[in-house]
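Given chain A, put chains B, C and D in place with the hints provided.
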Amino acid sequence: MTEATFTKNEMMIVAAARELAGQRVCFVGVGLPNIAVNLAQRTVAPDIELVYESGVFGAKPARLPLSIGDPTIVTGATAVTSMHELFAFYLQGGLIDVGFLGAAQIDRFGNLNSTVIGPYDAPKARLPGSGGACEIAINARQVFVIMRQSARSFVERIDFRTSPGNLGGAEQSERIRREQGWLGRGPSVVVTDLALWRFDETGELFVESLHPGVTLAEVRATVGWEPKLAASLATTPAPTSAELRLIREELDPGGAYTR
Amino acid sequence: MTEATFTKNEMMIVAAARELAGQRVCFVGVGLPNIAVNLAQRTVAPDIELVYESGVFGAKPARLPLSIGDPTIVTGATAVTSMHELFAFYLQGGLIDVGFLGAAQIDRFGNLNSTVIGPYDAPKARLPGSGGACEIAINARQVFVIMRQSARSFVERIDFRTSPGNLGGAEQSERIRREQGWLGRGPSVVVTDLALWRFDETGELFVESLHPGVTLAEVRATVGWEPKLAASLATTPAPTSAELRLIREELDPGGAYTR
Amino acid sequence: MATSKVATMRDAVAELVRDGDTVAIEGFTHLISFAAGHEIIRQRRRDLTLARMTPDLIYDQMIAAGCARKLIFSWLGNPGVGTLGAIRRRAEGDGPDRLELEEYSHFGMVGRYTAGAAKLPFYPLRSYFESDLPKVNARIREIDSPFGNGKVYAVPPLQPDVSIVHAQRADAAGNTQIWGLLGCQKEAAFAAERVIVVAEELVDEAVIRADPNRTVIPGLIVDAVVVEPFGAHPSYVQGAYDRDNRFYLDWDPITKDEAALAAWLDEWVYGLDGRAAYVEKLGAARVAALRPGRAPSGSVDYGTYP
Amino acid sequence: MATSKVATMRDAVAELVRDGDTVAIEGFTHLISFAAGHEIIRQRRRDLTLARMTPDLIYDQMIAAGCARKLIFSWLGNPGVGTLGAIRRRAEGDGPDRLELEEYSHFGMVGRYTAGAAKLPFYPLRSYFESDLPKVNARIREIDSPFGNGKVYAVPPLQPDVSIVHAQRADAAGNTQIWGLLGCQKEAAFAAERVIVVAEELVDEAVIRADPNRTVIPGLIVDAVVVEPFGAHPSYVQGAYDRDNRFYLDWDPITKDEAALAAWLDEWVYGLDGRAAYVEKLGAARVAALRPGRAPSGSVDYGTYP
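Chains as they are written, first to last, in my numbering: chain A, 1 to 259; chain B, 1 to 259; chain C, 1 to 306; chain D, 1 to 306.
Looking at chain A on its own, in the form it has when it is part of the complex:
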């Protein structure tokens, strides 16, 4: 079946969208998360509300936003506010169910680096920095991570902790989040181009399912530690023809993010 052929990005979008089933309010980033949330709105989460850190609640984009501040997310939105109000009352106020984050590096406990590669004062590479990521990681009820995996991105030690994940493990993370009254429970799922990962009771990532056609060897080769695996390692259900049609015909006809 032709619809059985799909790109790695399409698989990531579909896998992330399915995770949004039952979620109510989602903090959207540009790129893949944006397409994933829009797909979820058309499939598993019809009532999901899109919140953009640029100050938009209840966006109804008429086209695929090419930036997080695209005018198409403003026209027809439910509310447009100052960024102070968005961050203070919506995010910090505890109204966000899911925040999407990407990163250049992630460790086994889901801590994220989007600041620098190498030492902070003499970086090998200067990355964009936090943006809203640090406060999203702390205040969104749960965090979905979307990123490609490679030996350079899935590392034993991240060079800089921009956004806290499960810290040194579940026990420490739960204690600190409780003691300091964080609203966020931390990362719950990591969707990559090869697999879907969740966190076990120790707070460590494990491979829940491999995307169709992906081998365990490929996954191991792109992770800087010996990855844990689900007791019964599943295969991520492939995108359905309906999901692919929505992505290709409605959400990203130009293929800006999906090719």
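Source of the hints: derived by calculation from the structure; they are not laboratory data. All residues carry an ideal CB built from backbone N, CA and C; glycine is no exception. Wrong hints could be hidden among the right ones.
[To be verified] Restraint-style ranges between C-beta atoms, simulated for each label pair:
1) C:Glu102 / A:Ala125: 53 to 61 Å
2) B:Ala122 / D:Asp204: 54 to 62 Å
3) A:Glu179 / C:Pro96: 37 to 45 Å
Frame of chain A; chains B, C and D shown alone:
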């Protein structure tokens, strides 16, 4: 001349309005201060901007506002904001040149009580409380006080300090305001139904001028301490026929505040 | 998309306002929900902690009716007229039913709601220096800046169990738009556990979405939408009706006389089954006299993309 | 009533932007004043500290032109496209002209402007817990609540010498109205010592006063009003023109190549005497292609009293 006859309130309004010469931004209260500022706008301070704590900047009231939140101060205003913005950015931000305050009690150093008469926990009389007075006293560049004087209002010791004036005197007041970085320099003039008062170098009130027809005996009889007097005690210039016409025909034709 | 939250005032109050709750009916002169206050009186809620910057006539009425045990406020009076007799009698008395007062300045109250809305443990402000207010309210405390650049005062978060906001218009999902004085309604609503919006007019979602910058409260935090025209009388609604200043003047002799106040409550609250009856009793002439002339804002263009 | 503050961009920058200043050209994706940034480059300002949540292409250009010694920011990149080459080269280098970076999260930057606008010694927020950011920025510090209900982090006030805000419309006194994304322009403007408003359209005071709730910045804090249609290109103005995404894509190869960037500055900044010439050079077809369709907000009624 008939226009030479005027009420005590009219004298208070006119005396206060004249003090606004050269002032730019004024925090307006209801009642006499409101009429005084509107009179100043038509006479000595044509460019003065009216700010209401209810969240209005650049008000152009079409009628005399009967409350500080009257809809007539909204329609045609330059800006209407949340009270958070008004207090945080306009007042605390240092944009207010003059704040008007009234009170039930004032002491010789211009400290004001608008909270209780008698002990706080068992008051003889419960008064309205601070409203915005406490932050106006601290953040407005200078404070004008308008109140009637009597042995019960001009007292040796106020029962409660709602709004700080010159504290225990100029030396202490200037030191504390400097050390704590207050934007306000404190009270600069007190206009009563009998006289116009200013503060001397020690921070204590003195009678600058008696309103026409008022005797020094009347003033002394209505002050709870031996009041200081200006070296050459003047008589407050009476309201001009032009000032009275503006008050009676434009600002308060009903005489709600001026009879 | 979202299911309708439209409810009658009776059902909204019955479901969302409970004995012992902290209730904030906010609105600075503008948009005070007298309709909600009267329904709370009719349903005989008790032991409420009432929060409002300016308690105004509505809290004088609720406290006279015995709904409250405590008042959190910043300015207590009938603006430009005089005192609030019921509150004053309960506050100055020393019986078991003495009303507990917790007072701040205006900015302190705004700061408490803001901290509540932002889930902050405190809100810092440059007020209260050398004032006696911190001496009589232990919830006003000094705080040093961690940058060595001075001290300010702080107030703690205020998170009402219920905030009630009157507005010009809302859609069925509770997306609410207000113009004119905004007071601290946004902060009070975001700070609250439950929110009731009382709207002059129920509008289609499309009306809200046509001007998203005008939205003050998102339906996301709203539990019930009550459509109650003239529900803010004797306060006012910008563009819809004027403040009934005569009512505020007439209140002065009533509030000074417990018997007269009780009689007023019997006639205007207990004796009526809701706002519609109240408006009818007010009479068409009085209502008509409060209608303003028109002053259109004009329209701006958001553009379509693509 | 107030005297006109209308000025040319050249005069406004010459008078209000000085070597060594801290300058904030704010606007989140929306309303970025490229016109002001280009004039600052043309007038060869030096040693500026540039503050912006998202430095975007305009700061990449200004830093390539040698205007700045320091950058205060929260997200550094070409959104959805790639990196900002000039900034990255200056930041990763270790020469004497290395660009000093001071970084926060988005909310931290908003908080810094808010504290600056409110004259507070710090702004508290619930971010930075267990992040390395406080370790590399000593201006992010812990603070304990005086109410014993936990600790949060604080950032210090940011008070730019000059804030520059692009807007849909302003009157001659500087009263400014914005719709669409509001970013942190209000806070940046109130926090600044001097404010330049760049408006797509100069309107009569009556247009502003017809809808006072739409006013974001009062003329009271504005020093100059520059009327500069299309002055935000390649960013956008809600309702007036779309974001020129092609420009952002085309920037990627230019910013990666110092020579290409220098040539671009010669052609598009130094080689032109102002925004009008820039728009003419862009060409009518490209400008026309960015015009959106119409989406009117509709009008509300403020009412006349009396």
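Evaluated hints:
| no. | hint | in the structure |
| --- | --- | --- |
| 1 | C:Glu102 / A:Ala125: 53 to 61 Å | holds, 55 Å |
| 2 | B:Ala122 / D:Asp204: 54 to 62 Å | holds, 58 Å |
| 3 | A:Glu179 / C:Pro96: 37 to 45 Å | holds, 41 Å |
The earlier numbered hints are all upheld by this structure, with none contradicted.
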